[in-house]
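Residue numbers (our numbering), protein chains in the order written: chain A, 170 to 439; chain B, 653 to 875.
If you are wondering where the hints come from, they were derived from the structure by calculation, not from laboratory data.
Among these hints, one or two may not hold up.
[Unchecked claim] Using C-beta positions, here's what the derived DEER-type ranges look like:
{"hint": "1", "chain 1": "B", "residue 1": "I850", "chain 2": "A", "residue 2": "M213", "range": "32 to 40 Å"}
{"hint": "2", "chain 1": "B", "residue 1": "V865", "chain 2": "A", "residue 2": "M235", "range": "58 to 66 Å"}
{"hint": "3", "chain 1": "B", "residue 1": "T808", "chain 2": "A", "residue 2": "L203", "range": "31 to 39 Å"}
{"hint": "4", "chain 1": "B", "residue 1": "L704", "chain 2": "A", "residue 2": "M213", "range": "39 to 47 Å"}
{"hint": "5", "chain 1": "B", "residue 1": "I850", "chain 2": "A", "residue 2": "R226", "range": "49 to 57 Å"}
{"hint": "6", "chain 1": "B", "residue 1": "N717", "chain 2": "A", "residue 2": "M235", "range": "40 to 48 Å"}
By construction, the Cβ of each residue, glycine as well, lies at the ideal position given by its N, Cα and C atoms.
Residue strings, one per chain:
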Amino acid sequence: MRFDFWTFSLQVINFVVLLFILKGLLYKPVKEILEKRRELSRKMLEEAEAVKGDALRMKEAREKEMKSIQDAKAQLIEKAAQEAEEKKRELLIDAQKNADALIEKERALFAAEKKRAEEEIEDTAVCTAATFASSLLKDISSLELHKSIWQNLYREADEIAKGISGTFSHGPSVPPTNAMELAVRTAWPIGRTELQKFMETLQRVVPGIRLSAMEIADKDLIAGVSIKAGDKVYDFSLAGQIEAFASNLRSGREKIKISGGPGQKNADDQ
Amino acid sequence: MRPLVISPEPLIRLGPVIITKTVATTWLIMAVITLVCWFAKRHLALKKPSRLQEALEAVLEAVENMVKDVLPDVDPWLVIPVIGTLWILIGVSNLAGLIPGLKTPTADINTTFAFAVLSYSMTHFFGIKTRGLKGYVSHYVKPSWVLLPFHLIAETTRTMALAVRLFGNMLSGEMTAAIVLGIAGLLVPVPFALLHIIIGLIQAYIFGVLTLVFIAGGIQKEA
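Only chain A is shown next, with the shape it has when bound in the complex:
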């Protein structure tokens, strides 16, 4: 091992030469490549960051949009719920009203039906009572009863005569002459004499009117008579009394007189 100046010097020179060679062949170009690559990486990173930023902004915008949609959805749901609740309440009110109206209608219907049924029952009862009374009176009626009713007729003679007179004064069917034939329906035979006597009684009240009578037998009257003078009927029969009683029952009349004054009614009513 010894120091060699030329070797030492040449190695120094070799190093320096190699240093400059490598500067041109290695360091400078590789440095440029590395810097370019770093620049490229930096640009790509910046682009990636920009894209990431855009993506984040888009994400935020989308999240805001989604939030607004969610809010709108919640508002819509709440509004729809409120409207549904309101509608439900209205429907319930309408339904309640309808139900009340229906109930009221049904009640009215029921009341009407009840009234009709009651009337039917009443009519049936009246009819039954009338039928029963007719049957009963038919069983107990007799000539004596008939005569008794006939005798009572004289007390009504004035009223009948006035009725006949009124027919001639105001009646719509005024006979062309002052004469009238009375149709006397009787349950029992009256007899010509008795009928003549009654007619004379009437004639005395209305002397200006020439009266005549035609006796018609009618067992349905049970007892008593029914006199038709013009368009008026003077019913003094038990059947007429029963019918009047039934009519009074139907019309709610309380005054029922089986043996009272004569029932007077128009011929049209019969």
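With chain A fixed as given, assemble chain B onto it according to the hints.
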């Protein structure tokens, strides 16, 4: 058995200049390095680099990272060429002895001494370049003039240590290989050759790192 020669072996003489085998081997190494770099430069690519380019970029990035670690406030490319050239030249020189017929240049004390002197010179060069002559020289007398000889002794000894460390390691590797080859023959020296490769690369790394540390000491004011 190959004779162990630790003195420079003259190869040719050009007038007063003696070209030793060490220098010739160094030229050969320089030529190979130059060719490789020239080839790599011609095929540099930005997006699809070749394996050679990737290897060179890896070496330079390793140097760059090391310089950045040691000199964070200085442009790394100021010293990368020096440190990189030291690494490449010393590393390849350390491995040159594995090729039959070639002499390891760093097993010659003149070569290692030359590299050590270059390291020493670069330390002063970068120190004066960054701090100025006065500022750089002044650190030798700080905090006291008394420390001047110690500074000089320290710089001399560390430079000599650089040279002797590299020379001793490489020479010992060559001697070991020669002895083992003389004793055992074929295949037995292979593990020693592998060990020599590792040692050669490590020594190149150590030489470069120490040079970088010395340069950093010269550049940084409080170093």
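Hints, verified against the model:
Roughly 38 Å separates the CB atoms of I850/B and M213/A, a value that falls within the hinted 32 to 40 Å. A beta carbon spacing of about 60 Å between V865/B and M235/A agrees with the range 58 to 66 Å that was offered as a hint. At roughly 37 Å, the beta carbons of T808/B and L203/A sit within the given window of 31 to 39 Å. At roughly 25 Å, the beta carbons of L704/B and M213/A sit outside the given window of 39 to 47 Å.
A hinted range of 49 to 57 Å holds for the C-beta pair I850/B and R226/A, which are about 55 Å apart. Here the CB-CB span from N717/B to M235/A is close to 47 Å, well matched to the stated 40 to 48 Å.
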